[in-house]
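Since the structure of chain A is already known, use the hints to place chain B on it.
In the order they appear, the protein sequences are chains A and B. Throughout, the working numbering is defined as the position within the first sequence, counted from one, plus 49. Throughout, the working numbering is defined as the position within the second sequence, counted from one, plus 31.
In short, the hints are calculated from the structure, not lab data. As the structure is a computational prediction, the values presented were derived from the model and not from experiment. A hint or two may mislead.
[Unchecked claim] Covered, in the sense of this in silico footprint (three residues per stretch, anywhere, with C-beta under 8 Å from a C-beta of chain A), are these stretches of chain B:
(1) 58-64
(2) 132-138
[To be verified] Within a straight-line C-alpha distance of at most 20 Å, the following computed DMTMM-like cross-link-like pairs (lysine to aspartate or glutamate) qualify:
(3) Lys87(B) x Glu152(A)
(4) Lys57(B) x Asp144(A)
(5) Lys100(B) x Asp114(B)
[What the hints assert, rightly or not] Derived contacts from chain A toward chain B, CB cut-off under 8 Å, selection only:
(6) Gly91
(7) Tyr97
(8) Tyr113
(9) Phe155
(10) Gly156
Even for Gly, the Cβ is constructed at its ideal location relative to N, Cα and C.
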Amino acid sequence: IAGITQAPTSQILAAGRRMTLRCTQDMRHNAMYWYRQDLGLGLRLIHYSNTAGTTGKGEVPDGYSVSRANTDDFPLTLASAVPSQTSVYFCASSDDQGATYNEQFFGPGTRLTVL
Amino acid sequence: SQQGEEDPQALSIQEGENATMNCSYKTSINNLQWYRQNSGRGLVHLILIRSNEREKHSGRLRVTLDTSKKSSSLLITASRAADTASYFCATVAVRGSTLGRLYFGRGTQLTVWP
Chain A
50 IAGITQAPTS QILAAGRRMT LRCTQDMRHN AMYWYRQDLG LGLRLIHYSN
100 TAGTTGKGEV PDGYSVSRAN TDDFPLTLAS AVPSQTSVYF CASSDDQGAT
150 YNEQFFGPGT RLTVL
Chain B
32 SQQGEEDPQA LSIQEGENAT MNCSYKTSIN NLQWYRQNSG RGLVHLILIR
82 SNEREKHSGR LRVTLDTSKK SSSLLITASR AADTASYFCA TVAVRGSTLG
132 RLYFGRGTQL TVWP
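So that you can see chain A by itself, here it is in the shape it has in the complex:
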């Protein structure tokens, strides 16, 4: 593994189904993030984690949950998918130390379609 990997690459999901998007990084970064990208709206932060064991809500957290059991993995779960969650999802990580916020490294994305 080099950098950040996401799985699956794409998925078509029926509304009401549960779905977990996977994200793994091998850079030992303390911070990880989930964004969604919709046409014309740019990237919006869903949830973040500053360090293993902690998570926080971003701009658009409703309908999503995350966990950070260890440094490397940061899965995003849609408990009951709705069509408005159709989007491209990006995971990212960064090596933030105290008040020094650094660049984020992005995964290749997961294209999710909810029908």
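Using the frame of chain A, we list chain B on its own:
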């Protein structure tokens, strides 16, 4: 919202020309970052400029930051067809519940014609 806003939304130029994209934001920042996204791909970090810096260079990229005007610009010199992509600015807040979070603008779509 404290997200950055890029201008223009779309830019079309010939190879060899310079491309300038601007970004404005609303609140005090820790730093401002520029990212590039090729169609169907993830974002790639280009350059980070901190609030106490005014200008940074990286290869053909030049970024300026004017905190008094809450604005930044990205200049790509001697553009190439391979520079065709979407370019995003993103800001990191300095205080409050959004401390440390990265907020993206909607991007500038740059097309460089051979």
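A quick look at each hint next to the structure:
For a cut-off of 8 Å, the count of residues in the stretch 58-64 of chain B with a CB near a CB of chain A stands at 3, and the three-residue condition holds. Look at the stretch 132-138 of chain B against chain A: 7 of its residues bring a Cβ nearer than 8 Å to a Cβ of that chain, three or more, so the hint holds. For the hint pairing Lys87(B) with Glu152(A), the CA-to-CA distance comes to about 15 Å; that is within 20 Å, so the pair holds. For the proposed pair Lys57(B) and Asp144(A), the alpha carbon gap of about 25 Å is over 20 Å, so the pair is violated.
Pair hint Lys100(B) plus Asp114(B) does not hold up; C-alpha atoms about 28 Å apart against a cutoff of 20 Å. Here the hint on Gly91(A) is kept, as its CB sits about 4 Å from the closest CB of chain B, short of 8 Å. Taking 8 Å as the C-beta contact cut-off toward chain B, the hint placing Tyr97(A) at the interface holds, the least distance being around 7 Å. Interface restraint check for Tyr113(A): the shortest CB-CB distance to chain B comes to about 16 Å, outside 8 Å, so the restraint is violated.
Interface hint status for Phe155(A): upheld, as the beta-carbon distance to the closest one in chain B is roughly 4 Å, under 8 Å. Taken as an interface hint, Gly156(A) checks out: its beta carbon lies about 6 Å from the nearest beta carbon of chain B, inside 8 Å.
The structure shown violates the earlier hints numbered 4, 5, 8.
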